[in-house]
Amino acid sequence: MPARLGRIYRIAGPLVVAEGLESPRMYEVVYVGDEGLIGEVIAVRSEKTYIQVYEETTGLTVGEKVEATGRLLSAELGPGLIGSIYDGLQRPELEIGRILRDIFIKRGVKVNALDRGKKWVFERNAEIRVGEKVGEGDILGSVKETPLIDHKITIPPGIRGIIEWIAGSGEHTIEDTIAVISAGSVKHEVKLYQIWPVRVPRPFKEKLPPSEPLITGKRVIDLIFPIAKGGKAAVPGGFGTGKTVMLQSLTKWSHADIAIFVGCGERGNEMSDALKSFRELFDVRRGRPMMERSVFIANTSNMPVAARETSVLLGVTIAEYFRDMGYDVLVVADSTSRWAEAMREISGRMEEMPGEEGFPAYLASRLAEFYERAGRVIALGSPERTGSVTIFGAISPPGGDFSEPVVRNTLRYIQALYALDYELATRRHFPAISWLTSYSLYVDFVREYLDEVSGGKWLEYRNLFLKILQRESELLDIVRLVGPEALPEEDKLLLEVARMIREAFLQQNEYDPNDAYSSLEKGLLIMNAIIEFYNTSLKLVKSGVPVFKIRELKSPYLIYRFRLYALEDVKKLYEEFKKSFKKEIESIMGESSGS
Amino acid sequence: MRVVEVKLYTRITRQVYGARGSLVFVKTLPGVRYGELVELDVDGDVRLGQVVDVSQDVAVTQIFGSSLGITPGKTTVKLRGERLRLPISIDMLGRIFNGLAQPIDGGPPVIPEDYMDIHGEPLNPALREPPSEFIETGISVVDGMLTLVRGQKLPIFSGSGLPHNKIAMQIVRQARVKGKEESFAVVFGAIGVTFEEAMYFLNELRKMGAIDRTAAFIAPASAPTVEKLALPRTALTLAEHLAWKHNMHVLTILTDMTNYCESLREISAAREEVPGRRGYPGYMYTDLATMYERAGRVYGKKGSVTIMPILTMPDDDITHPIPDLTGYITEGQIVLSRDLWRKGIYPPVDVFLSLSRMMKEGIGPGKTREDHHPVFGQLYRAYADGQRLREIIAIVGTESLTERDKKYLEFADAFETKFINQGEYERRTIEETLDLAWDLFSILPEEELAIREELIKKYHPKYRSQK
Ligand SMILES: Nc1ncnc2c1ncn2[C@@H]1O[C@H](COP(=O)(O)OP(=O)(O)O)[C@@H](O)[C@H]1O
Ligand SMILES: [Mg+2]
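Protein sequences, first through last, are from chains B and W.
The numbering of the first sequence is this note's numbering, which starts it at 4 and goes up by one.
The numbering of the second sequence is this note's numbering, which starts it at 89 and goes up by one.
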């Protein structure tokens, strides 16, 4: 195709308007200006082509050339993704630093997403033989990318035919051809990597119901508002309510095979902190550095705003790629509000008709398209495998007010809401997930699994916890009017138990080495201990023992310390609690029968 | 003084179509660059401007000064071919400048080491080193509960009449990093403040003998809007220069950022942009972020940029867009409370609304002390309990209180009057601060401390005194 060229007509921040560009296509990549800055066509109006530019536009001049490429903005997918830190255009940031020899990022750096020179050990799939029919998604072999990740080399979507040639096991760069597939007269060369447009969801064979929980290591999620593999969840909250800590924690501790952290329009220091801990912390299940199963996309708030959108799309595209290998992948986006604000800014520059609070009318559909890419699926190709993409998106509503457009529109597309509460955060109740407004529509789906590991009691206990907490908030309203002593004894006890649920169970300190990750077993032990305390105390109260007597007991305070210890110690503490609780109860009983 | 280097391809036009507010509409000359610097000559009075939108026919220019007297046909416009660059030098320490780095202390011009674009460039996120070096400010509530570390951006959210300036100066005076004597500098930027306020800062810095290590930038309320917008960037450009080129630890104080934001709103209105919440432009988050993100540390570099912006919350409202967007960008906030101030507590810090996000990296064994983290958590829990009880006794009186409740009330009072409260010139070491916290814990029932047993045995006064 001959180069299609145009000229710059107008420059306004990240928006460049070009004229004279022949038949521009929506979303095609264009090179803007003499430096060839990367942009994307976002609107075409009569003679003018509107381009959002992913790099700083300062210094461009009217009349400079614009070159259309006919390509869609795409991700490179192949060995080398794991452990990378990319910007919104998938440029590896460490590599940028090395090329520029500078601590600052300058525009126009051209660098490949995947290392072209690196040799990977390709292990050929013995099942695949020359002359056989193969199709999209079939596994040709694999590369041990890191000790944790077996990177499956698959036939890219859209390709099928007869295997004409396949490389044996051995060392290859990503650009080496490792198989040739012929379809009639066409020959496809398959390499260790493939290219996929970030705006297009990758295909799969079949979507599955979200029936398996994704264990996160957070008690309030796993045992109260569970998330399923392939689920989609939103985490809205005002500043300082714990969005970032929660999303980082999920990428660290959840039982996903691969975690992708998208830092979209947020802080640089947070990114560096996450990177450091991913290098130093070990995966709970497999005892290797977390970095060996993670990908970072770091487009901080001071980087070009248009690239916020691509960073989110890039993250989910990489996630789908690993899903198609049969992995459970978690993607977190911190924060989707910054992406929405970038849409608003560019829409404003284009003088589009603003919708609510200046956001463009297509905000809702963009969010929908993003969250729709979550799911648990049977991947294309053989051997058959299931994989999942679970999405958590943070939302940063102005003033912490959830009635704004990004929150409201997101709620239409997600299935689990973790609403972070400002009041809880100011009291340092973390994670500040509000038990009154959060929900998970996955409860019914994952019930079977959780009931089984908990001896059939999980759902009953969970619902009791929620009922107690709900009742507590009603009682606290009364207490505010009449004081605590006016309450009936049973309600006073309920307040004690509610406090225990909040502080001993729901709260989890991310910075306490024993508390940051809570196995299901540990969570269930705490749950059981609280229920035991409640049931026994309730019997006493019903038989006339005043609640202040129960408050004076020392053993229940042990439950508050459970979370500070490792599982083995918690088991011991639990036994200790049972023993001393029994003793203390007996002495109360003795007192009351003696009198 | 030359503000910019003259380039050969300077071009000139007299075709000014019109002006509105600080915007001037000029005919687009061939080669005009987006963002480039422009000189407008109004009868010999030269003003600087910048191209903020350019199309085939019209270049919209924002001027750093008033548009007074700009007349189509009379004003000459010169293109400088590059962005605003200001002379920057380590010799600026000890001196006072306006927002465009021109000396206003009567001293000689500074010989620049470099001319720098004040907008700076984004630090490469992958090269950032997480800030983790504990800065002891000697103020218990800060060191104990809102720990500041080198490379952090931590603002003070205040209200008019509250002692934010005193606190900022106490921090500058007392801040030190344990066991280290390293070169540090203070970059002080005052935006739209009164002359008295600016003088207070300079006098304090002089009194503490830090004036030679301080560069001050002052744009009084009467300065042109665009100079107020440039000032924090100019200050930060010097801060970066000192940190990354001269290996210095730079503390940058910017006050009052509310004035900055008001200027931003003014300019946005002049450009007739679609206003965001309460009239502030939708890009205010990004605009503030491009400044505050200049704080940090970098692998392989000795220096650091720490930023402490001060802002007054309009109507003491923390949900107002200025504190709200700031809180979304900065690494925490120190929020001052009018109630505590009325009670006579200095520094009147509301610990519930305040936060230091970088704290966890800066505290703990080898940094502060092994008990710091649990002590911090326990202080919050107990103070929150005490606060809740205060609300209850406000309604039903103290009769219904149990002994336990009374202890928590006593704790809350002691926490405010003994722990938060301290003298403006009083310095407490971190050990003193943590021991003080343990003294307060001895008011509470011991079994209610959610702290690991071995730490209680080591630090609780009950066991301490047995040894
Ligand atoms: N699980 C947690 N454990 C302990 N502290 C937490 C937890 N979650 C949040 N925090 C505290 O809250 C602060 C703000 O959290 P962050 O996630 O940065 O908020 P946001 O992203 O919502 O602005 C953190 O710096 C930390 O001090
Ligand atoms: Mg955050």
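The reader is advised that the hints may include incorrect statements.
Ranges between beta-carbon positions, derived for each pair [as the list claims (entries may be wrong)]: (1) W:310 to B:502: 50 to 58 Å; (2) W:178 to B:97: 25 to 33 Å; (3) B:122 to W:388: 38 to 46 Å; (4) B:593 to W:485: 30 to 38 Å; (5) B:547 to W:485: 25 to 33 Å.
In short, the hints are calculated from the structure, not lab data.
Just so you know, even glycine gets a beta-carbon here, dropped at the ideal spot from N, CA and C.
A quick look at each hint next to the structure:
As the Cβ distance of residue 310 (chain W) to residue 502 (chain B) is approximately 56 Å, the hint placing it in 50 to 58 Å holds. The supplied range of 25 to 33 Å is met by residue 178 (chain W) and residue 97 (chain B), whose beta-carbon atoms lie about 30 Å from each other. Range check, residue 122 (chain B) to residue 388 (chain W): about 29 Å between beta-carbon atoms, so the 38 to 46 Å window is missed. The hinted range of 30 to 38 Å is satisfied by residue 593 (chain B) and residue 485 (chain W), whose Cβ atoms lie roughly 35 Å apart.
Look at residue 547 (chain B) against residue 485 (chain W): about 28 Å separates their beta carbons, and that is inside 25 to 33 Å.
Of the numbered hints stated above, the single one contradicted by the structure is hint 3.
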